[in-house]
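Colleague: Here is how the chains run, residue by residue.
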Amino acid sequence: MIVRSIVVRAVVYFHLLAILSYALPTPPENMKIGVYDVSLSEKIGAWPAYFLGWNSVSVRPLFDTYVRLTGAHQHWNMFAPTPIHENLWVDATVTYKSGAEKQYVFPRNSKLTIVDGFIQERYWKYLDSVQEESNAIMWPDMARFVAQKMYKHHEDPPVRVRLHRHTKPVSEPGSKDDAEYTNFTFYDTPISSKNLKKERV
Amino acid sequence: MTSPLIRFDSWFFAKGKPHTLALLRIVFCSIAFLVLLIQSSFLYDYYGQGGLLSVEGLELWQWTGEGFNPLKYLSFKELVAFYTVILFACIGGILGLFTRVSLIITALGFLAFHNRNPLILNSGDALLRLVLTYLACSSCGNAYSLDRLRVLRSKKVDLAEQEVNLWPQRLIAIQIALLYFSAAWFKMQGVLWREGLVIWFVSRIEELQRFPVPEFFYSLWFSKVATYGTLILELALCTLVWFKPYRSWILAGGVLLHAGISYQFNIPFFGLITVSCYLAFYSSSEIQHFMKMLYKRVTSVRRPRSLRKLSPTGS
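Chains as they are written, first to last, in this note's numbering: chain B, 1 to 201; chain V, 1 to 315.
Derived by calculation from the structure, the hints in this document are not laboratory data. All C-beta atoms, glycine included, are put in the ideal place defined by N, C-alpha and C. Errors might be hidden in some of the hints.
In silico SDA-like links for lysine to any residue, alpha-carbon gap of 25 Å or less [claimed, not checked]:
no.: 1; chain 1: B; residue 1: Lys125; chain 2: B; residue 2: Asn55
no.: 2; chain 1: V; residue 1: Lys72; chain 2: B; residue 2: Phe186
no.: 3; chain 1: B; residue 1: Lys152; chain 2: V; residue 2: Ser54
no.: 4; chain 1: B; residue 1: Lys111; chain 2: V; residue 2: Phe216
no.: 5; chain 1: B; residue 1: Lys111; chain 2: V; residue 2: Lys77
no.: 6; chain 1: V; residue 1: Lys77; chain 2: B; residue 2: Phe186
Computed spacing ranges between beta-carbons, pair by pair [stated by the list, open to error]:
no.: 7; chain 1: B; residue 1: Arg4; chain 2: V; residue 2: Ser285; range: 24 to 32 Å
no.: 8; chain 1: B; residue 1: Asn183; chain 2: V; residue 2: Val101; range: 38 to 46 Å
no.: 9; chain 1: V; residue 1: Ser285; chain 2: B; residue 2: Thr65; range: 20 to 28 Å
no.: 10; chain 1: B; residue 1: Val115; chain 2: V; residue 2: Arg247; range: 30 to 38 Å
no.: 11; chain 1: B; residue 1: Gln103; chain 2: V; residue 2: Lys244; range: 54 to 62 Å
no.: 12; chain 1: B; residue 1: Met78; chain 2: V; residue 2: Leu149; range: 38 to 46 Å
no.: 13; chain 1: V; residue 1: Gln288; chain 2: B; residue 2: Thr82; range: 16 to 24 Å
no.: 14; chain 1: B; residue 1: Ser175; chain 2: V; residue 2: Ser300; range: 50 to 58 Å
no.: 15; chain 1: V; residue 1: Ser285; chain 2: B; residue 2: Pro173; range: 48 to 56 Å
no.: 16; chain 1: B; residue 1: Val159; chain 2: V; residue 2: Met188; range: 33 to 41 Å
Residues from chain B shown here face chain V by an in silico Cβ test under 8 Å; the list is partial [said to hold, decoys possible]:
no.: 17; residue: Ser21
no.: 18; residue: Pro25
no.: 19; residue: Leu69
no.: 20; residue: Ala72
no.: 21; residue: Asn109
no.: 22; residue: Gly117
no.: 23; residue: Trp124
no.: 24; residue: Lys152
no.: 25; residue: His153
no.: 26; residue: Thr167
no.: 27; residue: Val170
no.: 28; residue: Gly174
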């Protein structure tokens, strides 16, 4: 009984330390530990950044395997530190073997009913992260998804997909919101219809 | 005088009645069921090989690798069967039928779905996964459950009267306080948060809006009040909430905060999941008292007042 109690305590405290370490923010980009030279008073004022730097560099790796296996990883940065300040939606132009072109628009909450917007919010979540330049590695997959969606006839498969980002910045505080959407093609790729046939449900 | 660590240990590993854990089980299994149910028409897009994230794409993504991820080996038909099993496990969790097994299957099922496509998750999903795991480790099937009735009939033992380990309940309370602490710290690193401008920007993101709001929501003064108010409330929700005299007031503030966010912004289930965790701050006796009041209220609504006043003869 005592052995069981000790084992349970050890596991639970280990878990507690793991989630404490993982839940803490990473230090701000301009205050990463050891990469800036400031006065002593600034260093004292910046102790939280030092602490966060120490946590993310020295402590967090100790728990990496554990949190990945148990799903205890967590990151509570909703709208923080900098919230989105740009309107965004994504669509694609699909070119078929016949030369015809069609548009595919990823589900847009603003164009859906409240119920559909609620149900299909995960597409927005996906787009919000995948369209970023830092995630360009995911764009071939995104283009393949669009081609798969738009693949209707075996004799006329999609052969090319262009992904477009539509953005409009939010107006500065106190000023009028009169900006227009600007369009930018962020990815253009040929598509192999062979793969699409294989993947069709 | 005992040291704070020893006092923390005795609080954390205390034993008590299972009613709070049982109510948490019913609420979270119901939410898990709904979260899965609304994905039913989009399973292929979300988790299929031809969907938003192929297995090859997933392997390029930084998060995965060694995590529990059986779905990447399944065909779509097998994935649908897996999904159906998790749905039934959620129902088992709600009813408290084979509770431990149901909860373990539900928690592992959510972990598998989350690892198959981490790109479609919001913070509510992460919290749901964590709470389901904590509940799977608890004796939450000892009350408000069919398991309890089964044992009561066969062995004449009332599980609801037995004391259970409360550390899973404490862990949920600590987890939610940690969420607010971390969220507040993340926010205070941002210039827009420190200047009170976040609501100005976020309320103008068209794809996030849910219901229409009054014009003053878009004003600068409201942005400052709401931004600073959010920060203050989040700090209170990880500190003052531990002091009983303030607890209900702070949690009521949290409910209002999430109701406001859920009304204006389309972040499905996040508010509901977060607010449901607040139950972990209440003891079993408080939950029992609340459930009794709720039962009285429901049964009195079911019988119209005019009928209640009548005698059996109708005079």
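Colleague: Work down the list of hints and note, for each, if the structure agrees.
Modeller: Each hint, compared with the structure:
1. B:Lys125 - B:Asn55: Not satisfied, since the Cα-Cα distance of roughly 28 Å exceeds 25 Å.
2. V:Lys72 - B:Phe186: violated, 28 Å
3. B:Lys152 - V:Ser54: Holds. Lys152 (chain B) to Ser54 (chain V) sits at ~20 Å (cutoff 25 Å).
4. B:Lys111 - V:Phe216: holds, 24 Å
5. B:Lys111 - V:Lys77: Violated - the C-alpha atoms of Lys77 (chain V) and Lys111 (chain B) are around 32 Å apart, more than 25 Å.
6. V:Lys77 - B:Phe186: violated, 34 Å
7. B:Arg4 - V:Ser285: 24 to 32 Å: Holds, at about 27 Å.
8. B:Asn183 - V:Val101: 38 to 46 Å: violated, 52 Å
9. V:Ser285 - B:Thr65: 20 to 28 Å: violated, 40 Å
10. B:Val115 - V:Arg247: 30 to 38 Å: holds, 35 Å
11. B:Gln103 - V:Lys244: 54 to 62 Å: Roughly 58 Å apart at Cβ, these two residues keep to the hinted range, so it holds.
12. B:Met78 - V:Leu149: 38 to 46 Å: This hint holds: roughly 41 Å between Cβ atoms.
13. V:Gln288 - B:Thr82: 16 to 24 Å: violated, 45 Å
14. B:Ser175 - V:Ser300: 50 to 58 Å: Once the Cβ atoms are compared, 56 Å apart, the range 50 to 58 Å for Ser300 (chain V) and Ser175 (chain B) holds.
15. V:Ser285 - B:Pro173: 48 to 56 Å: holds, 49 Å
16. B:Val159 - V:Met188: 33 to 41 Å: violated, 50 Å
17. Ser21: violated, 11 Å
18. Pro25: holds, 5 Å
19. Leu69: holds, 6 Å
20. Ala72: The hint holds - Ala72 (chain B) has a Cβ within 8 Å of chain V, the shortest such distance being about 7 Å.
21. Asn109: OK, holds: Asn109 (chain B) within 8 Å of chain V, min 5 Å.
22. Gly117: holds, 5 Å
23. Trp124: holds, 6 Å
24. Lys152: Where the cut-off is 8 Å and the nearest Cβ of chain V is about 14 Å from Lys152 (chain B), the hint is violated.
25. His153: violated, 17 Å
26. Thr167: Hint on Thr167 (chain B): violated, closest Cβ of chain V at ~11 Å, above 8 Å.
27. Val170: Val170 (chain B) check passes; min Cβ-Cβ to chain V is 4 Å, inside 8 Å.
28. Gly174: holds, 6 Å
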